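S.K.: Please put together the full structure from these sequences, using the hints given.
Read in order, the letters of the sequence shown correspond to residues 1 to 1173 in UniProt numbering.
Keep in mind that a hint or two might mislead.
[As the list claims (entries may be wrong)] Listed below are the simulated DSSO-like cross-link pairs for lysine-lysine, each with C-alpha atoms no more than 27 Å apart in a straight line:
#	residue 1	residue 2
1	Lys-1087	Lys-878
2	Lys-743	Lys-1039
3	Lys-206	Lys-228
4	Lys-1113	Lys-1087
5	Lys-217	Lys-207
6	Lys-804	Lys-743
7	Lys-1087	Lys-1160
8	Lys-233	Lys-626
9	Lys-207	Lys-255
10	Lys-255	Lys-206
11	Lys-674	Lys-804
12	Lys-674	Lys-743
13	Lys-233	Lys-255
14	Lys-626	Lys-674
15	Lys-207	Lys-228
16	Lys-283	Lys-255
17	Lys-1087	Lys-1039
18	Lys-255	Lys-228
19	Lys-674	Lys-700
20	Lys-217	Lys-206
21	Lys-700	Lys-1039
22	Lys-255	Lys-217
[Claimed, not checked] Each pair of labels, with its calculated beta carbon distance range:
#	residue 1	residue 2	range
23	Ser-986	Gly-1034	26 to 32 Å
24	Ser-1052	Ser-1110	36 to 42 Å
25	Ala-760	Ala-1056	41 to 47 Å
26	Ala-921	Ser-390	48 to 54 Å
These are calculated hints, taken from the structure and not from any lab test.
All values reported here derive from a predicted model rather than from experimental measurement.
Backbone N, C-alpha and C fix where the C-beta goes; we use that ideal spot for every residue, glycine too.
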Amino acid sequence: MARREASPAGTSLRLVQVSRLVTHHLRVSDARTTQNSQLFKPLQKAIYQNKAHSTKPVLTERSLLVPLQIIATHMKTFFTNPHLSKLFLLGAMLYAGILLVVAFLVKPALYSPWASTALLPLLLVIIREALVFSRSLAFFRRLQALIRSTPSVGPPRPKGAGLALSLIIGLGLFALCMPPAYRYFRENRVVRLVHHFDQPENTWLKKAQLRIHTPTKMGRTDITVTYKPVQIKNRRSIKKVVRIQPQFDQDLNAKMSFAYTDAELDGLSEERLILYSSADEGKTWQAHLNSVVNAENNTVYLEGIEHFSLWTVAPPPPDPGGVSNGLALWLKADEGLTPGATLTWLDQSTSGLTATQPTMANQPTLNNNAINFNPSLVFANNVNNFLTVSAPALPTGNISYSVFGVAKASILTGGAFAYNYLYVEGVDAGNQRVSVGRFNALMSQANYINDLNAGAITANTPLMLRYTRNSTGGTRTNVRNGLQVGTDVNTGLNKTNVAGYPRIGNTTAGAGEEAWDGDISEIIVYNGVLTATQYQQVESYLGLKYGITMDQTTPTNYLASDGSTIWNSVTNSTYKNDIFGIGRDDNQGLNQKQSKSVNPGFQPILSTTTFAATNAANTTGFTADKSFEIAGSDAGAANFGTAYAFAGMTHRITRLWKIQETGTVGNIKVAIEKSQMSGNASNVNLLVSGDVTFDNSDTKTAMTLETVGGVEYYTATVDFTSGQFFTFGVFLVTPGCVAANLKAWYKADVGVTGTSTVTAWADQSGNGIDVIQATPTQAPALSGLINFNPTLLFDGAGDHLEYKGARFLTTSSSGTMYGAATNDIDGGLENLAVLGIDNPHMGINATPGSGVNQQEAFMWMNTSSPVYFYNPTKIEAKRAEVYGFFWNGGSPNVGSGLRRNGTETLDPLSEATGVASSGSADGMWSIGAYEALEPWNGSIPEIILYDRNLTNTEKQKIESYLAIKYGSTLSQNYLAGDGSTIYDISTYGNNVFGIGRDDCQGLEQKQSKSQNTGFQPILSTTTFAATNVANTTGFTADKSFEIAGSDAGATSFGTAYAFSAMTHRITRLWKIQETGTVGNIKVAIEKSQMSGNASNVNLLVSGDVTFDNSDTKTAMTLETVGGVEYYTATVDFTSGQFFTFGAYLVTPGCVAANLLTWYKATDGVTGSPSVSA
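M.R.: Structure representation (C-alpha cells):
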C-alpha cells in the first residue's frame, strides 16, 4: 500500500490538534507532575509528522519550530497565569537544549540561526518571571516549592537561588548565541519593499538606502536588497546587492544614488568604486564607468539609467596597464576563452564583444603553456584558422587607433601570401581597412595599399607588437618590444565596416589566405592614440606577463597601473637585460605568479612558492595588490666562468641579476631548468648578496631537484630584499676547472662503449654530444696505456668516431679544441679532430723528416684566411703530446692559432667564417678522421672542445691538467685549477711529471712518469700498481700535488758517490715541488733502466744540489708490478728537495759514466775450449 505524504492542509490540521492538546494541558497545569508529563506526547507525534507506518523521525525546521508556534498562540496565558512558572521554565530550557543539540548534530550550518530561535522561549520565560516578580510575592513561594521539589546536595540554598541560576544560565546562553545569530541574519537577511512610482519623482527609499530620481512613470516597483557580496570577474563587490524591478522599465533616463555602510564596504577602497548592473541574474555584469563615488557620504551616483535590473558597487574592471580611455577590444587567452563546437573568446573590455569560430576545421588550437607559462591560440601554418568578432571595435572614417598584440610567428616565408595578419577590421579595399601583422619577416600595418612594412620579426620568438595611427596628420608607427622600428604618413584612411569583420588571425576565407602562422596570446585595441605614459603602462603589463623585455636603448621604466615605477631603468641601468618578474595589479587584471625571460639561453624563473607547469595552475597568489618582484641581469656571460671556492663549490655563473621589490611579496621560489646547468654540476646553490662582490659572507641556499610539468628544475625558496643580487654557484668537474662554454669532453677512462671495437664515446660535459661508430671496421679500440691511463687506439686506416646530430656551433662560433695524443709519424695529413670538412681540421702533418712543415702540428680552415698554418716544433713519434687549436669567429674578435705542449703559433688576423660547415651533415663533428679520410694513426686518450677562444691562463690550466695526467712536459709553468702555480719550470723544467688531486677537474693521478724517452723515474702513492685506476691509495686532500722536473744532467752513473757502500750516483737531479697534503709517496725506477751490475741501489734525497754523506739514503727494493720489475722506495718529500739514485757499481777503473761494454775472460765466458759467447 502506498505511503501517504502529508499535505499542507494536513500539516495545518496537525498543528491545530497539537495546539488544542497543549491548551488542554495548560488549563490543568496545577495537576500532578505525572499528568504534566503527558504534554510532550502530542509534540512527539507532531515531530514524527504522523506519517503512516513511519518508523524514523523526519526532522525539519518546521517540526522543530512547532513549540514556538504553540507558545505564540498562548502568549496571553503565558504572561497572566502564575501557575506556569515551573512548566514553562523547565520546558523552555529543555526545548532550547534539545534544539541546539539537534541543530549541531544534524545541520551544523544552521546552528547560528537555530540558536537564536531556541533562545526566544527562554528569553520570554526570563521576561515573564521578572514581571511576575514585580507583581506578586507569591513568586517566592512558588520558587521555594520548585526548589524543594528538586533533590539538593549540600547546604540549603537561599531563597531566590533557582531564579538567579535560571537568569544566569539563560542570559549566558543568550549572550553566547545571539551575536553569531545576529551576524548570520544580518548578512543573509533580505529586505523587500514596494514603491509606486506613479509619476516622476525623486524618492529616498530608506529601507533600501537608495535614492531614485525618475522623470517618467515606472509604476509598481519591487525592490529586494540582499547583504552578500558577488564576484564580478576578479572583483569582489560590497556586501549589498539590490534588485529593482519596475512595472515600466524602458527609456527611463533615471538617476540613482546607491548608499552603503562601512560594514557593507567590507574593506574595499572607496576611491575607485563604480556601479555595476546585470540583466541576466548576475551571470555577466556591466560596468558603469561614469559612476561618481562620494566617499564622504558613502554613496555612488549614476545618471542616464535607461532600465533597472540587478545593481551593486565594486571596483572598476581591469584594463591593460590600467588604461581604460578608448579601450575597445581586449582578448587574452588566459580568460574568456572557451573551446568547443564553437570556439568562443570573450572580450574583457567593457565593449562586451565576442570572437567566435563555429567551424571546427577553422578553429585555432589552445596551447596552455605557450609564452611565459601563459596560454595562446595556435594558428596552424597555411591553414584557414580565424575568429570573427561580433562587431567592429573601431569607428569608421579617418580614425586614430592603437593595436597591441603578443604573438609568435612560426614561419616568416612560404605562406600562402607574404601578408599574415593578427587583426583585421574593415573593407578589403584601398584605404578602407585596418590590418596589422607581418609582411614576411617585417611588421606590417596595412590599410590596404599604403602599407607600413618595417621592423624585423624573428621566427619562434615571442614579440610585443604595437601598431598606431593618428588621424591628425596620418602618422603611423610600428613598435616592437617598446622600440619604434618604423614610421610613415598615410592621410587617406577612410575606414569602412563590412560584414564578417573584424577577424583575428586571417582575412578573407580560403586555405591559408593571409593567415597568421603561429601563436596569438593577446590582442588589445584602443580607438585612439595614447599618451607616452599610457603606452608605457600597457607595455609594462604585457612585458611582465609574457616575459618580454621592453627595449632599453632609451632607459624605460616599468610602470604599475597607477603609473608608479616598479622597475627603475636608471638605478638599474647596468641590469637592463632579460627583465622579467612576477606581480599582482588588480587594476590591470595582472596576477603573474611565475615568470622567466623569453629570451634564449640561461634564464632563471621567479615564482610564488607553489611553482607549477602553468601560471594558472600555480595556486599561490599575492596577498596584496600592487606587489611585484622584478629582476634584470647585467651583460655577464651566462656560464660558470667565475671561480667561487666556498662551501664546496668551484664556480658561479658570471652573470648577476638584480632584484627590485614593490609591495608585499614574502617568500618566492627561484628555479632553473636542470638542462640549463652544466651536465656534471653538483652542490647547486642560489647565491644572494647585498652587493656585486660574491664571497663567503653571502647567503648560500642549496637548490633541490623538483619535477614540474615533466621538466626537472633546481629550486630554492628565498625572501629577497629590494636591491639584492643573485646568481648560481655549483661544484663542476671540467678540464683545468675551466667551465665556461665547455661543449664536449671525451676521456678514455670513462664513457667508452666497447673494447676491441669502440662503438661510442660519451660526452662528459653533460651536453650529450656523444660520438659513435656503427661500422666495426672503422671503429677504434680501447687499447694500451699512456702514463698508466687508458687510451683509444686509431689504426690510421679509417678509424673514427662522429657526431651528426643537431648543429651545436654556429658558423661564426669562436672555439678552442684540445687533445692529448700520440702519433706514429708515418706520413700524410691526419685528423686529430675535425668540424665539418676542414672547418677546422685539427691535426698534424705526419710526414717524417726535418723539412718545412714536416712532422709538425697544423690547423687547416677552408673558410679562413690564411687557410692553414703550422707549429714549427717537431713531433716525436709515439710520444704523448698536448695539442691545442683555437680560432675566433669574426671582427672584432680575430686571431687563430695552435699550441703544442704550451708553445703557441698565432696568426693575429685570421678569422673563422664557416665553422663546422660542409660535410655530409650540417655541423658534424668527428674524432680521428673525417668519414675515414685523413685518419689518425696513434692513440687518443682525451679530446676537449669549447665554443669560445679561451684566455691564455685558461689554456695554461687545461694544458697543465692534460700534461700531469698523460706525462707530457710543457714549455710553461704548471697551474692548478684555481690558477695557482704548482710547478715552476724556470730551472728544472725538463722531463716534468707528477701526481696530484684536483677535484674541480676530476684529476687524481696516483702514479706518473714522464713520457719522454730514456731514464724516467716514477712517482706514486704508496700502492704503486699496473694502472692508475688499480692504484688503491689516493690523496686525502683536494689541491694536493707532488711534481718533479729534472735538470739537463746525464742519466748515467757518472758522478762518484762513495758513501754507505755506494760508488756512484746518477748525474741528473730532479727537483720536487709539493702543494697541499701529500705525505709518503713511492719512488720507482724500472730495473731494466739501471746499470746491469748495479747493487745497493738507493734513493738519495738532499735539501740542495750537493749530494754528500749528510743526505738521506733510502735503500730501494725490487718489486714486480704488472709483470715488470722495479726498484722502489718510500719517502716523504719536502717541497724544494732534490733527488737522484745511488748504487754500488763494478766498472773498469771505477769509471762508470758512459760505460757501454766491458768483457773480461774471468767472467761471462760461455764454452771451452771453443767460446760461443
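S.K.: Of the hints given before, which are not true for this structure?
M.R.: 14, 17, 24, 25
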